[in-house]
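Colleague: Chains as they are written, first to last, in this note's numbering: chain A, 1 to 321; chain B, 1001 to 1674.
Bear in mind the hints are in silico, worked out from the structure with no lab data behind them.
Examples of chain A residues toward chain B, derived with CB under 7 Å:
1) Ser81
2) Pro103
3) Ala107
4) Glu119
5) Met122
6) Leu124
7) Leu132
8) Arg135
9) Ala136
10) Arg142
11) Trp144
12) Asp146
13) Pro150
Backbone N, C-alpha and C define an ideal beta-carbon position, used for all residues, glycine too.
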Amino acid sequence: MTTAAAPPPSPPPPSSSAGPAVAPADVPPGSAAALAARGVTVRFGGLMALHDVSIEVEPGAIAGLVGPNGAGKSTLLGVLSGLQRPNAGKVWLRGEDVTQASPRARAARGLARTFQQPELFMGLTVREHLVLAYRARTARHRLWRDMFDPRSLLPASRTENDRVDGLLELLRLTRVAKAPVAALPLGVLRLVEVGRALASDPQVLLLDEPLSGLDIKASENLLLVFRQIVDQADPPLSLVIVEHDVAAVLSLSDTVFVLDFGERIAVGTPEQIRNDAAVRAAYLGDSEPAQRATPTSEIPAEAAASGSEPSPSLADLEGRS
Amino acid sequence: MLQFVIAGLVLGGIYAIASAGLVITYTSSGILNFAFGAMAFFIARFYYYLHTQESWSIAAAAVVSIVLAAPAMGVVLYFLLFRYLRLSAPLIKVVATIGLLVAIPSLATLAFGNQAIQQAPGLAPEPVAVYQFLGVPVTLDQVIVYACVIVTVVAGALVLRYTEVGLKVRAMVDSPAMTGLSGTNPGAISVGVWAVSTFFAGLVGVLAAPIIGLDSGKFTVLIAASLAAVVAAKLRNLPVAVLVGLAMGVATSLFQRYLPPASQWTTEIIDAVPFMVIALFLVYSLIRGGRVGDNEGWGGVLDRAITPQGESRLAGSASGTVETASVGVVGKYAGPLLLMVVVGALPMIVSGYWVGLFAQAFAYAVIFLSWTIVTGEGGMLWLCQITFAGVGALTTAQLASNHGWPVLAAALVGGLVAMVMGALVGFLSIRLGDLYVALVTLTFGLLMENLVFTLPTFVNQGLGLSVNRPGFATTDLTFTYLSLLVFVVIALFIVNFRRSTTGLALNAARWSEAGARTSGISVVQQKVIAGSLAAFIAGIGGALIAMAQSPFQPAEFATFQGVVWLAIFVTIGVRSNVAALIAGVMFVFPDALFQYYLPSWTTLPEILSVLFGLGAISAAKYPEGALAENSRRLRALLQGFRPARPGGEPPGDLGVPVGVAAVSPAPRISEQVS
Ligand SMILES: Nc1ncnc2c1ncn2[C@@H]1O[C@H](COP(=O)(O)OP(=O)(O)OP(=O)(O)O)[C@@H](O)[C@H]1O
Ligand SMILES: [Mg+2]
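So here's chain A without its partners, still in its complex pose (with noise of 0.2 Å):
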């Protein structure tokens, strides 16, 4: 949708330039982030996805990532769960540079996410998911030795048993446990997802627009159990949020990251991000004429362009706090 033609934003106002984690691109980060990456650039043929951006989470924190349509939020997941090359950059997981690690090294450091589009295994259903993903975790060798081994037709152990049912029940799956994934709706699928990220018991989580396909019931409770495993979990569990919602992501996150165009065009607290003027022009559509609280003035002219269809209104950012 977007196109490499596209000009990028103006310089951002003062404001943006406040947030934290501004660092040159080749300087490692300090051991302290839980995650990192600096300067990722991503191109798809001549669209240029990902453009010199950096993002970096403390262990135990929440990082929001919003932007438009097309924006490259999925892109730079991809880039940080090692699923997408990037161009140029680096990423660190706890410290370690992890830029040439597979998908699967990653996942083995404490690495897991959700897709946009479920990812999700047809054959098996939502319990196997989950536990399939703690044992790639935790006891990696049953992989393959467990086929020799009789013993997988018993009931499995306590503590996985315990874990497993315990995210089931968590995520209130637990009537659907045994249900085959392809019979499910997206918005359970989700839920699947969440889950098997959970059992794998992750130190960082990327979670793609977990929100969209919830009904509001269902997304307060994923909004809750977030907070939940965050401030409980030891070691602590850093997350990545990417959503439309901003409103949820606003109220979420400690930190906020905005793309546009494959730039960052903001970082900073929620409470930063709620004023900064290039994010209100980003998100500002030209179908929003109650929403003259900003002045227009501010708002550069190709940059109010870029926010496409199904933008979240000013009203989002000012909506919860």
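Once you've looked at the hints, dock chain B with the ligands against the given chain A.
Modeller: Relative to the frame of chain A, chain B with the ligands by itself:
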């Protein structure tokens, strides 16, 4: 030298046209047409019928067969079959073309008779005129091939690049869904694509017949060679496919020139040229480390985004799994157990000759189990299980008969040798994607068949090899039960495998690469495990066959025959152990019964293989196979008599009607299938 290059360009030209046809079909329909050679053979045979048997003139026969009949075949096949495949999984598409590959040569025999044809004329009038070109004699037949290559390539490139039709075809390659939305009718274009594709097949058939002879087996080998060019072209790159095709022809010709003509090695190296191309490609891509592409299926980013998740690779398996989960343990195991007991009791009832047939049937059933793992569970299409069986059989025979090993130990080693080969083939091809697995295993089978299975030690002056049965199971009855025991042990292993972490991880690797990898599961590793297990099982099955029907000829393990096995197995069902047992019985008995009671009716084997081919084609509609489909219907019928479903799950928290899914499979998937 020049002479050989020019001669090589003839074979190369035929490869080139064939690979161009394959690439064009693949890029514009997403179907890798394994039946291309069979189609070529059919049209060539038709041309021979018109021109030689009915004495039509060359022009009339050529026009009717190549210009009319061939495209018509494409149109008919589109409406009967390919139309339904547009959105199915790549695997299903391959299986359907494999069904055609099995059915079409037999249809040709039924239609035109099975006389052996020594010499087939080409498009040049007899006697074929010979010209001098740079001091090299060139026949008119060769000139026609060159002309066809040039016309094909130039016309193809022009049409694709500059015409509106070409634009639409290219648009559809990128996104069939969007092309549909934008008002272009993808159906109309697809008909055209198939007509063009079968036209190419017809052309290749008529051009190749004078060179390779009118033999459907030779045609399959010819197309396997063209598939090597298609692999090198990464399935899509037309110029590369054409160039590699030409180069293979020239290489073949140069080998003929510079290697000692009388040596056994020379013929073997020549036969191996296509495989060398594939091997080079595999090694190259291994070193380069890049994946050729995860989504070899079809369509661009956009289509993947708007089609429901898993749908493109799934095509129907969901119905089976939904069902398994909702049927209680008793319902799940009672039927299969009963069937096994009944089949297991049969050898006691019958006598003599028929008992021995059961031994064979169970041995085949063991081989079919290898597909239960690799296709039923792993979702991969391996086309060389028969080769692994052959390796098992030959190793067993060598070790037991020539080296005095105990036969069961020899069989075990046979299985292990097959397993190592399976691991290697799997490791090289799985990384590239499911279609490459089918392609590489097919070529590997042909390579082994032509290179290894023909070695003098194995052929044994045409006497074949014999293996003694183990001392405790020398009679037909005891050996039958030994085979059944092996089957049961492996079947139990598979039951355990499915439920084990390994099975779950294989399932993960099958349905979502991204999901599996980010969950810490290696797709290649899990699939290689499945592939090598399957190779081991096939090797053991092959050893059993060797013991059941000793002496045996290595030629019995011909790759094409293995494709027929696959067609039978797919017809009956790829996912259940019982299906493997039934497939074994089905493979052995109808044929034997007909031969026993109706020895004079010679066309029956042909009719059978047409039926098996059609059965495989029906996989397009019922991917789970006939067994699963019928038992699903039966259950649905039975459930109709029951007012409520006592065993069903209560509806889920989020209002998910889990129980209902048992009767009607998840709608979004079944829509895509039917
Ligand atoms: N594999 C790919 N090949 C080519 N272009 C791609 C690919 N993946 C993404 N793009 C393009 O890169 C840009 C960024 O895509 P991305 O999916 O990261 O956006 P996003 O911010 O996640 O958008 P959305 O909110 O719609 O999910 C888009 O213009 C998209 O079309
Ligand atoms: Mg996205």
